[in-house]
Amino acid sequence: GENVEQHPSTLSVQEGDSAVIKCTYSDSASNYFPWYKQELGKGPQLIIDIRSNVGEKKDQRIAVTLNKTAKHFSLHITETQPEDSAVYFCAARRYSTLTFGKGTMLLVSP
Amino acid sequence: DTEVTQTPKHLVMGMTNKKSLKCEQHMGHRAMYWYKQKAKKPPELMFVYSYEKLSINESVPSRFSPECPNSSLLNLHLHALQPEDSALYLCASSQEPMTGRAFFGQGTRLTVV
Chain C
2 GENVEQHPST LSVQEGDSAV IKCTYSDSAS NYFPWYKQEL GKGPQLIIDI RSNVGEKKDQ
62 RIAVTLNKTA KHFSLHITET QPEDSAVYFC AARRYSTLTF GKGTMLLVSP
Chain D
74 DTEVTQTPKH LVMGMTNKKS LKCEQHMGHR AMYWYKQKAK KPPELMFVYS YEKLSINESV
134 PSRFSPECPN SSLLNLHLHA LQPEDSALYL CASSQEPMTG RAFFGQGTRL TVV
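These protein sequence lines are chains C and D, in that order. The first sequence begins at 2 in my numbering and counts up one residue at a time. The second sequence begins at 74 in my numbering and counts up one residue at a time.
Source of the hints: derived by calculation from the structure; they are not laboratory data. Here the structure is a predicted model, which is why all the values come from computation and not from measurement. A virtual CB, placed ideally from N, CA and C, is assigned to each residue, including glycine. Keep in mind that the hints are not guaranteed to be accurate.
These stretches of chain C come out as covered by chain D in the derived footprint (C-beta under 8 Å, 3 or more residues) [unchecked claim]: (1) 44–58; (2) 84–98.
Partner residues are not named here, just some residues of chain C that face chain D (Cβ under 7 Å, in silico) [to be verified]: (3) F101; (4) K103; (5) G104.
The following block holds chain D by itself, in its conformation from the complex:
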């Protein structure tokens, strides 16, 4: 089983809203990632969690706030987003942060209006 589950699949939010994206894996992976993907572009790394601790923040604006409540769950809290933040948000996990294959979820399609 190489499944990474993301909810919701689609999300429309206003610029003053607060929402959260959720990601779950039950493969025992100890590294989890958030990526942002704009149309016709490759995924871009946002955050890396290693053993439930934030290890990499790729200079992401503070309106994106990640959280790793336990080894199976990863959240991305959204607040005061801009229309240009509309994108596909992908979660991924791997056995270890520097080794092992990374498996992606199906993504959350976010539209900011």
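Same shape as in the complex, but just chain C:
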């Protein structure tokens, strides 16, 4: 099955800095890569996604890049704000199954 590795497990930044979270996947059959933000006591919220035929996608302060050859994808958050503090999960979909990375706790200090 698919295996998704995510790094770092914890990331602390100052407000206004950029944050980068990286993931690798193992199965070349995976073709869709979403990112979720999960706040304490809530369900995961989809924040951005990318399909395997696209290399980069941006939505305001959030961007995702995908390198299919190397089987890795990254989340970039610019101009971080305290409300960006949460756990972020990357995921890879192979057929109908989403496999998640272990998560990154992002802490943005004012």
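Position chain D against the provided structure of chain C, taking the given hints into account.
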């Protein structure tokens, strides 16, 4: 509207109890999912329903019994659970099982005593 509604939000049950978790979506999605999430861990897939039929069971113990009464509803029936089954149970849905974005509900926090 990308809302998936789960009830109840919290549930405490004894090991001999029978209870059910409910999930509802009105986005016309034809795939629905149950995930289990332990503290500080990622969600783990339990079941996939595709067009109201169970398509994937990730070797989940029979004390968890899913049901999809119609295209908008998904239930998870619980019976004779163990304390280690305590977790956040998440429901999700997507337009199709192999395509489309998956949207999650807020989850049911289950405690087995």
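Cross-check of the supplied hints:
| no. | hint | result |
| --- | --- | --- |
| 1 | 44–58 | holds (count 5) |
| 2 | 84–98 | holds (count 5) |
| 3 | F101 | holds, 4 Å |
| 4 | K103 | holds, 6 Å |
| 5 | G104 | holds, 6 Å |
Comparing the model with each earlier hint shows no violations; every hint is respected.
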